[in-house]
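Peer 1: Chain residues, written in single-letter form:
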Amino acid sequence: MLEITGIDVFHGDLQAVWDVSLIIEGKGITTLIGSNGSGKSTVLATIAGLLKPVRGSISFDGVRIDTLPAHKIVDAGIAMVPEGRRLFREMTVMDNLEMGAITKRARQMKNETMAWIFDVFPILKERARQRADTLSGGEQQMLAIGRSLMSQPRLLLVDELSLGLAPVVVQKISQTLDEINKTKGIGIFLVEQNVVMALELAETGHIIENGRIVGTGKASELLASDQVRQAYLGMEGE
Amino acid sequence: MEFAQYITYGVINGSLYALVAIGLALIMGIMGIFNIAQGSLAMIAAYGSVLFFQHMKIDPFVSLALTLPGMFLVGVFMYLTMFMSMNKFDPGQKLRNSMLVSFGLVLIMETLATILWTANERTVTTAYSGTVMALGDLRIPYTGIATIILAIVVIFGLHFFLKHTTFGKSIWAVSQDHDCAMLMGINVKRTTLVAFGLGIALSAFAGAVVSLHTVSPAVGIDWTNKALILIVLAGVGSINGILFAGLLLGIVEALGVYLVGVHYTGVVGLLIFIIVLMLRPQGLFVRKAGV
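So the sequence lines, in the order shown, correspond to chains B and Y.
In terms of my numbering, the first sequence opens at residue 185 and continues consecutively.
In terms of my numbering, the second sequence opens at residue 259 and continues consecutively.
Isolated chain B, as found in the complex:
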């Protein structure tokens, strides 16, 4: 279980996140939705340790992690799929996967984990020796997810899964994430602008606006609520 308690986060002098508290259950799929610039990616970057909260704390399964450097948070069992994939473009698919398994614990199980990821995303096995930047957008997202799974996380943070991908590809990848969650028990915390996809995939949803949490509930109920329909679905229909 990930517990975020009252965090304030700044980008330089600009405060992006105000007193955010969230509880993310370890085994399920949770989503944080919000419009562009609402602070949702900032929350994710803070969990991953790229940004440090000025106030508040974050703990994972009882261990405080907001004081740890980013690479130690990976060691603690949280991996992140960054927005825009951020693959190591000049490296092969296989080398990208290897970079995901850099912690001591992950390195010992590297071959087993890689075999499992090739099982989940067979296309990556076909492309194993190709450079990452020769892959299609969907394949790149699969590689980004596979690379983060290489660290054997208990919680996977996913930043903007749907960004720049065709709807059919998004659907396929979100199905795979659901399978990974159900079969491996890896918790997933998804940050998304694609509200419908996110709320259909997740069990629990949180809404963030201007850096503050303004709504929390069962994903299916949020999807049916006026709050979401007016603010997000209305906007999407324009």
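Source of the hints: derived by calculation from the structure; they are not laboratory data.
Among the hints, a few may not be true.
Only pairs whose alpha carbons sit at most 16 Å apart, straight line, appear in this in silico EDC-like list of lysine to aspartate or glutamate [what the hints assert, rightly or not]:
hint: 1; chain 1: B; residue 1: K236; chain 2: Y; residue 2: D437
hint: 2; chain 1: B; residue 1: K356; chain 2: B; residue 2: D410
hint: 3; chain 1: B; residue 1: K211; chain 2: B; residue 2: D197
hint: 4; chain 1: Y; residue 1: K346; chain 2: Y; residue 2: D480
hint: 5; chain 1: B; residue 1: K256; chain 2: Y; residue 2: E260
hint: 6; chain 1: B; residue 1: K288; chain 2: B; residue 2: D259
hint: 7; chain 1: Y; residue 1: K421; chain 2: B; residue 2: E274
hint: 8; chain 1: B; residue 1: K211; chain 2: B; residue 2: E267
Listed next, with one range per pair, are the computed distances between beta-carbon atoms [said to hold, decoys possible]:
hint: 9; chain 1: B; residue 1: M293; chain 2: Y; residue 2: A392; range: 51 to 61 Å
hint: 10; chain 1: B; residue 1: G268; chain 2: Y; residue 2: V411; range: 37 to 47 Å
hint: 11; chain 1: B; residue 1: D245; chain 2: Y; residue 2: D437; range: 50 to 60 Å
hint: 12; chain 1: B; residue 1: H195; chain 2: Y; residue 2: L370; range: 39 to 49 Å
So, partial list: chain Y residues that the calculated Cβ filter (under 7 Å) puts toward chain B [as the list claims (entries may be wrong)]:
hint: 13; residue: T423
hint: 14; residue: Q434
hint: 15; residue: R448
hint: 16; residue: L451
hint: 17; residue: V452
Glycine is no exception: its CB is placed at the ideal position from the N, C-alpha and C atoms.
Chain Y: place on chain B using the hints.
Peer 2: Only chain Y this time, still in chain B's reference frame:
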């Protein structure tokens, strides 16, 4: 046969140029730090080789076991005190600041070397200095053969390390995406520190070879000049390209000596530097522009 003799010396010189340039290329390509002091560090390492030989009769190639870790520590110290704080700058600013700081280091090291060891030229004279292998009319100094072998082993070894070992690949990953490397669990601070130390340690190889020729405090900046030409020829980010660029410069210089005389060596080098900058600014051994 005289012509072949010139080319042979060109190849030997080119190998030495490549040994000086490889550390500069690594640090620039991987970290975006422009270390003008690389040649001066090779000069300091060469004095190390000279002193070990004078006082303890240790051969320069053997004393590498001491000068390599020594220069690595110098690199670690330089990084922690001067270059680490530049990581917060954007790439252009980082390049300019590192250039200025390392230029200061050139002046400091040259002065320091003059105070400690005087401005006189020094050299290591081993039992094999001056001995040559005869191939028909061709005379190849044994030190030259050692230089060529060393350059090939060091540069291909470095290339292999970066592309085929986990630690090497993690250095490469950090150079491509610093933040994302952190998200993968790579200890970016330690990795960049070791990479910088490694880049400086490589100057010890050049130092060992330089000590067999002549060392004086002023040679540092000359070696850096050659290294810069090599980086422009090879292209930023190319490791193997440095060796080929070194051989190219060495051979072109040798041709210059053969055809127009020894006084124009520097001119010939700068001429191909300018021609490559005009026609292929990304370098000869890099496929597309940019890193």
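Peer 1: Now tell me if each hint is right for this structure.
Peer 2: Cross-check of the supplied hints:
1. K236/B - D437/Y: The hint holds at about 14 Å.
2. K356/B - D410/B: With Cα atoms ~28 Å apart, K356/B and D410/B exceed 16 Å; violated.
3. K211/B - D197/B: 36 Å, violated
4. K346/Y - D480/Y: Distance ~31 Å between K346/Y and D480/Y Cα, so the pair is violated.
5. K256/B - E260/Y: 63 Å, violated
6. K288/B - D259/B: At roughly 8 Å apart (the allowed maximum being 16 Å), D259/B and K288/B satisfy the hint.
7. K421/Y - E274/B: 11 Å, holds
8. K211/B - E267/B: Given that 16 Å is the threshold and the Cα spacing comes to 23 Å, the pair is violated.
9. M293/B - A392/Y: 51 to 61 Å: 58 Å, holds
10. G268/B - V411/Y: 37 to 47 Å: Between G268/B and V411/Y, where Cβ atoms are some 40 Å apart, the hint holds.
11. D245/B - D437/Y: 50 to 60 Å: Since D245/B and D437/Y have Cβ atoms about 25 Å apart, the given range 50 to 60 Å is violated.
12. H195/B - L370/Y: 39 to 49 Å: Since the Cβ atoms of H195/B and L370/Y sit about 44 Å apart, the hinted range of 39 to 49 Å holds.
13. T423: At about 10 Å, which exceeds the 7 Å cut-off, the nearest Cβ of chain B leaves the hint on T423/Y violated.
14. Q434: 5 Å, holds
15. R448: For R448/Y, the interface hint is violated, since the closest Cβ of chain B sits about 9 Å away, which is over 7 Å.
16. L451: Violated, because the Cβ-Cβ distance from L451/Y to chain B comes to roughly 14 Å (cut-off 7 Å).
17. V452: 14 Å, violated
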